[in-house]
Every structure is written in structure tokens, then in C-alpha cells.
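As they're listed, the protein sequences go chains A and B.
The first sequence: position 440 = 440 (my numbering), numbered continuously.
The second sequence: position 55 = 55 (my numbering), numbered continuously.
Hints are computed from structural coordinates only; laboratory data are not their basis.
These figures come from a predicted structure and were not determined experimentally.
Built from N, CA and C at the ideal position, the CB exists for glycine as well.
Misleading hints may appear alongside valid ones.
[What the hints assert, rightly or not] Among the chain A residues that face chain B by a calculated CB cut under 10 Å, a handful are:
hint: 1; residue: M93
hint: 2; residue: A96
hint: 3; residue: S275
hint: 4; residue: I334
hint: 5; residue: R336
hint: 6; residue: S340
hint: 7; residue: S346
hint: 8; residue: S387
hint: 9; residue: Y391
hint: 10; residue: E480
[To be verified] Residues of chain A clear of chain B, computed beta-carbon distances all greater than 12 Å:
hint: 11; residue: D392
hint: 12; residue: L420
hint: 13; residue: E491
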Amino acid sequence: MKHFLNSFILITLLGFAGISYAEPVVETPTVNSAGSVAVEIATTPVPTGVDASASVAVTTPTVNKGDTAWMIMATVLVILMVIPGLALFYGGMVRAKNMLSVLMQVFVIFSMMAILWAIYGYSIAFTEGNPFFGGLSKMFLIGITPDSIAATFSKGVYIPEYMYVAFQLTFAGITPALIIGAFAERVKFSAILVFMLIWFTFAYLPIAHMVWYWAGPDAYTDAKTGETAAATAGFLFQKGALDFAGGTVVHINAGIAGLIGCLLVGKRIGFQKESLAPHSVTLTMVGASLLWVGWFGFNVGSNLEANGLSALVFINTLLASAAATLAWSAAEWIIRGKPSMLGGASGAIAGLVAITPACGWAGPMGAIALGIVAGAACFGAVTSLKSMLGYDDSLDAFGVHGIGGIIGALGTAVVASPALGGTGVWDYVANGVAEYSMSTQFISQLWGVLLCIVWSGTVSFIAFKFVDIMIGLRVSEESEREGLDISEHGETAYHI
Amino acid sequence: MKLITAIVKPFKLDDVREALSDMGVSGVTVTEVKGFGRQKGHTELYRGAEYVVDFLPKAKVEVAVADQLVAQAVEAITKAANTGKIGDGKIFVTNLEQVVRIRTGETGDEAL
Numbered sequence: 001m002k003h004f005l006n007s008f009i010l011i012t013l014l015g016f017a018g019i020s021y022a023e024p025v026v027e028t029p030t031v032n033s034a035g036s037v038a039v040e041i042a043t044t045p046v047p048t049g050v051d052a053s054a055s056v057a058v059t060t061p062t063v064n065k066g067d068t069a070w071m072i073m074a075t076v077l078v079i080l081m082v083i084p085g086l087a088l089f090y091g092g093m094v095r096a097k098n099m100l101s102v103l104m105q106v107f108v109i110f111s112m113m114a115i116l117w118a119i120y121g122y123s124i125a126f127t128e129g130n131p132f133f134g135g136l137s138k139m140f141l142i143g144i145t146p147d148s149i150a151a152t153f154s155k156g157v158y159i160p161e162y163m164y165v166a167f168q169l170t171f172a173g174i175t176p177a178l179i180i181g182a183f184a185e186r187v188k189f190s191a192i193l194v195f196m197l198i199w200f201t202f203a204y205l206p207i208a209h210m211v212w213y214w215a216g217p218d219a220y221t222d223a224k225t226g227e228t229a230a231a232t233a234g235f236l237f238q239k240g241a242l243d244f245a246g247g248t249v250v251h252i253n254a255g256i257a258g259l260i261g262c263l264l265v266g267k268r269i270g271f272q273k274e275s276l277a278p279h280s281v282t283l284t285m286v287g288a289s290l291l292w293v294g295w296f297g298f299n300v301g302s303n304l305e306a307n308g309l310s311a312l313v314f315i316n317t318l319l320a321s322a323a324a325t326l327a328w329s330a331a332e333w334i335i336r337g338k339p340s341m342l343g344g345a346s347g348a349i350a351g352l353v354a355i356t357p358a359c360g361w362a363g364p365m366g367a368i369a370l371g372i373v374a375g376a377a378c379f380g381a382v383t384s385l386k387s388m389l390g391y392d393d394s395l396d397a398f399g400v401h402g403i404g405g406i407i408g409a410l411g412t413a414v415v416a417s418p419a420l421g422g423t424g425v426w427d428y429v430a431n432g433v434a435e436y437s438m439s440t441q442f443i444s445q446l447w448g449v450l451l452c453i454v455w456s457g458t459v460s461f462i463a464f465k466f467v468d469i470m471i472g473l474r475v476s477e478e479s480e481r482e483g484l485d486i487s488e489h490g491e492t493a494y495h496i
Numbered sequence: 001m002k003l004i005t006a007i008v009k010p011f012k013l014d015d016v017r018e019a020l021s022d023m024g025v026s027g028v029t030v031t032e033v034k035g036f037g038r039q040k041g042h043t044e045l046y047r048g049a050e051y052v053v054d055f056l057p058k059a060k061v062e063v064a065v066a067d068q069l070v071a072q073a074v075e076a077i078t079k080a081a082n083t084g085k086i087g088d089g090k091i092f093v094t095n096l097e098q099v100v101r102i103r104t105g106e107t108g109d110e111a112l
């Protein structure tokens with residue numbers, strides 16, 4: 001997604017100009033006069049990047065069919081991650097009597113967030129406001145037409161704004177759904193929906209705005225305009241925190257909300273006394289695999305273009321998840337005696353979470369290193385840390401997404417370093433890779449992590465307390481024993 | 001008449017059925033059951049949460065036979081279900097007061 005004055009060295013390195021010119025141009029290409037940034041741009045394709053001299057200050061915004069097609073695909077892939085991916089991944093881990101409750105929570109949360117996103121979410125996250133909240137100018141998606149365009153990370157390259165709205169919608173949809181893993185099997189459906197409404201509004205949207213909102217690369221023409229543009233960006237963007245595809249916005253954000261949730265809701269009845277074993281590790285594996293596949297839309301799509309950098313993001317995502325799978329399985333094999341399928345699936349997800357913020361800046365070997373660290377550390381978090389602290393994070397929303405997200409966010413500062421095979425950070429004013437300081441970047445990343453922890457933690461705490469007072473968080477003991485499928489949804493998952 | 005209830009390893013069920021058929025037994029009732037004996041259970045680990053599975057799956061075979069066939073039936077089951085390892089199961093023999101064939105109303109040995 002968005003970043004500091006930065007990124008995307010590969011755009012120039014890999015000859016983006018040639019790639020983007022490959023689209024069939026319907027009309028005779030006409031070079032628009034500079035400054036005629038009209039909304040009809042989408043219908044008058046103009047060769048992009050033909051003029052390689054980046055020193056030309058004004059670029060003509062163009063929409064490329066290849067980019068647009070890829071973003072449609074990427075958005076579908078992220079939807080695949082949520083429904084059915086995440087739903088099955090989580091569903092397999094609960095007991096059979098709670099299977100439908102998990103599927104239904106994910107399904108409905110995703111739908112609810114989609115509508116909220118169109119009503120006010122997109123506007124608050126992605127329009128100019130103050131460093132913490134965007135404005136309300138695009139509420140109800142007002143003013144957006146098929147000809148509207150949204151900036152990417154290359155000067156002059158745009159995608160249809162509707163596609164940008166839809167792509168970002170899927171992120172807003174998956175993040176709240178991740179949280180339910182922490183308190184699965186014991187919370188009222190109504191309480192979850194009200195909590196998500198509050199949390200989405202006061203935690204997801206501001207964090208997304210703080211991390212990702214910026215004026216776009218074309219606003220950075222010289223030092224002065226760059227400064228003006230930078231001042232309009234989100235708070236963490238200004239701090240220089242890097243988060244390519246949502247390590248902070250999605251994973252730390254959701255992980256912390258989950259941790260607060262399971263602390264406030266309390267443990268499941270029978271925790272550490274009865275068997276609360278997953279009812280189908282098979283379905284969890286299916287869900288994890290769908291997540292894995294969908295994650296290529298999540299990470300690679302976050303580049304908003306189909307170019308060389310997208311290819312780097314792809315290989316990084318693939319290698320980090322594979323490395324983390326091996327790391328988790330190896331750690332489990334050595335420490336617990338047997339490598340479990342649930343462990344393998346969990347490892348893949350931990351790796352995907354950790355590479356998410358780093359995938360556009362790491363080199364392939366950096367991605368592998370990050371995956372190994374994340375796989376082993378998340379294994380430690382869910383097996384040792386959880387039992388040490390005694391909280392009941394049912395499906396390890398915090399252990400995998402919170403911990404994995406923090407490792408990824410901080411690790412980004414390390415693997416982004418050009419000295420370690422990373423790409424460094426792009427300076428849009430100088431149109432080159434800026435000088436890289438790992439310690440400075442690490443401080444920036446720390447800003448992102450700590451602010452997210454405090455912000456999401458505070459909002460979550462207040463929201464859970466509010467919902468608890470208004471409608472109560474937990475189902476009755478009787479309902480919990482009977483299972484949420486019957487007591488909350490009036491159905492049974494399996495009739496065998 | 002006696003009722004023989006045998007708890008055997010599930011994978012031995014086919015051998016037991018075959019052995020009983022071979023000696024002329026014309027019907028058995030089979031149930032999937034769980035329980036424990038000297039074999040004890042096993043431990044399952046899910047992301048660090050350890051669950052001891054005390055009850056292992058077994059097959060319960062119930063067969064009613066005439067008094068003169070009891071010894072032969074018990075021997076057939078014992079032979080068919082034996083692996084020599086712990087957990088092979090048990091056989092219980094109890095008295096059977098009455099048997100009725102629902103379709104015809106026959107009772108006693110006739111109904112077996």
C-alpha cells in the first residue's frame with residue numbers, strides 16, 4: 001500500500017515503460033497537454049512512461065488495462081481469502097457444535113463491512129482530512145464515476161477509483177473477521193456485530209488513514225511540493241512507517257483487538273479441563289490453503305500495478321510463507337516430538353502475516369529469513385506464551401496475527417535495507433532510492449507498531465466494555481455448552 | 001441361550017464376522033463404541049494445548065447363540081480378534097432369558 005516518500009525502485013529498473021505500452025490502444029495515442037488532468041483520462045489511453053526522463057515534472061495520468069485487469073483479479077483473490085478461506089481456517093479449529101457460528105460470523109462481518117465501507121469507510125480512510133481521520137467528502141462514494149482514477153505508486157499511472165474502492169473494501173472486510181478467532185465459541189452474535197461496527201469506525205479507519213493515506217506520487221514534483229504533499233498524508237505515513245500490504249493496519253490491529261477481547265470475555269468453559277480440540281484439521285488445512293492462494297491478491301495487489309515490483313512481491317510472499325511453514329513444523333517436531341498438520345497450516349499463515357508489511361521492500365532472501373523468524377516465534381507464542389499468561393485466545397488471533405504482524409513490521413526495517421538485498425525506500429522528489437538508515441527506519445516502524453497497539457487496544461477496550469453493558473458479550477453457560485450453532489443460529493453443521 | 005458381547009479392535013471386525021458366519025451364526029449386531037482398558041489412551045497436541053484421549057474406539061459385537069454353540073463361538077471370536085498385543089478386547093457371556101423373532105412371533109432357540 002502506501003508508504004513514506006518512497007519505494008518502487010524496480011519500476012524503473014525493470015523497464016516499466018515497455019510493459020505498460022503493450023496494451024491495445026483503441027484510439028490513436030494522443031499526448032495530453034500537461035495539466036489537463038481530466039476525468040475522461042480513462043477513455044483516452046496515453047502511452048505511459050514512454051518518456052523515460054523522469055525529470056519531466058508533469059506526467060499525464062493514464063489508466064492501463066493490464067493494471068486494471070490485475071486489480072480486478074487481486075480483489076477477487078482477497079475475497080477468496082475471507083470467504084471461504086478464513087471462515088474454513090477458523091471453522092475447522094472449533095468444536096463441531098460451533099462450526100456454523102464461526103462461518104456465519106465471518107460471512108456476515110464481511111458483508112457488513114462492505115456496506116459500511118461504501119457508506120463512510122472509504123471516505124474516512126482515503127480522503128484528505130487531518131493526520132488521523134480522513135474527510136467525509138466521498139461518503140456514499142459520492143463523486144466517483146467510472147472515469148474517476150486513483151493513484152498508484154508510479155508517477156502518471158492510475159487505476160479506476162472504483163477498483164481501488166473495492167480492493168480496499170476487502171481489506172476492511174477481512175480485518176474485523178480476523179478478530180473473532182480470539183473469542184470464538186463463547187460470544188453472542190449480536191455483540192460481535194455491534195463491536196465490529198464500533199471497532200471498524202474508530203480503530204480500522206483511522207489506522208488505515210494514518211498508515212496509508214497520501215496524496216499520490218504525482219504530488220511530489222520538487223522539494224517544495226513534496227513537503228506540502230507530505231503534510232497532508234496520514235500520521236504514520238509522515239513518520240515514515242512502512243506497511244506495504246497491511247501488517248500494521250490489518251494484522252497488528254486485529255491481533256490486539258483479539259487479545260483485549262479474549263481477556264475481557266474470559267476463558268471458554270472447560271478451558272484446560274475438557275478437550276477443546278479442533279473438530280476438523282482437514283477443513284483448517286483447506287482454509288489455510290485458500291488464504292495462502294488469496295494472499296497473492298492481498299500482497300501483490302497492494303502494489304496497485306502489474307509490473308516488476310509486483311513480481312518481487314509475489315516471490316517474497318511465496319518464499320516467506322514456505323519458510324515459515326518449515327520453521328513452525330521443525331520447531332514443533334524438535335520441541336513437541338511430532339510435526340502436526342495444524343502446525344504446518346499455522347506456520348504458513350504466520351509467514352504470510354509477517355511478510356505482508358515487508359513484501360515490497362524485502363529481497364527474496366530477506367523474505368525467507370523473515371519467514372523463518374516468524375514461523376518459529378509464532379510457534380513459541382501460541383504454545384508457550386499463551387499458556388504462560390493463561391489467556392484463552394481460542395484460535396490464536398493474537399498469537400499468529402498480532403505477534404506475526406509485529407515481527408513483520410519491525411523486521412521490515414531490517415529486510416528493506418539495500419545492504420541486505422532489500423530495495424530501500426524510494427524518494428519521489430529525487431526520483432531515486434533514498435539513503436537508507438536501518439535504525440531510523442526501525443524507529444519509524446516502532447512508531448507504527450506502538451501507536452497501533454495503543455490505539456487499537458484502547459478502542460477495543462472501550463468498545464468491548466460498551467457492548468458488554470449494552471447487550472452482554474457472552475452467551476449463557478447453557479448456550480455455550482449446547483454450542484453456538486443451535487443456540488445462536490438454530491442450525492447444526494453436520495447431520496451424519 | 002446366551003448373549004455374547006465382544007469388544008474388539010475395529011480392524012478385526014471383519015475377521016470376527018467371518019469366523020462367526022463360518023460356524024453357522026446367522027446374525028450379529030455391531031456398534032462403534034469407545035472405552036478404556038489396560039491399553040490406555042493417547043495424547044493429542046493442538047498448538048500446544050495437550051488433550052489426553054482416554055477413550056479409544058472399539059467395535060462391540062453382540063451375538064445370541066444356543067447354549068451348545070457358546071464355547072465354539074467364544075473360541076471363534078477369540079481366535080479371530082487376537083493380535084497378541086494389549087488392547088485386543090474382551091468377551092462377556094450373559095444368560096439370555098428370551099428371544100423373539102418379530103416377523104413370525106417364534107421364540108427361544110427357534111428365533112435364533
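Results for each hint:
no. : hint : verdict
1   : M93  : holds, 8 Å
2   : A96  : violated, 15 Å
3   : S275 : holds, 4 Å
4   : I334 : violated, 13 Å
5   : R336 : holds, 6 Å
6   : S340 : holds, 6 Å
7   : S346 : holds, 6 Å
8   : S387 : holds, 6 Å
9   : Y391 : violated, 13 Å
10  : E480 : violated, 18 Å
11  : D392 : violated, 10 Å
12  : L420 : holds, 31 Å
13  : E491 : holds, 25 Å
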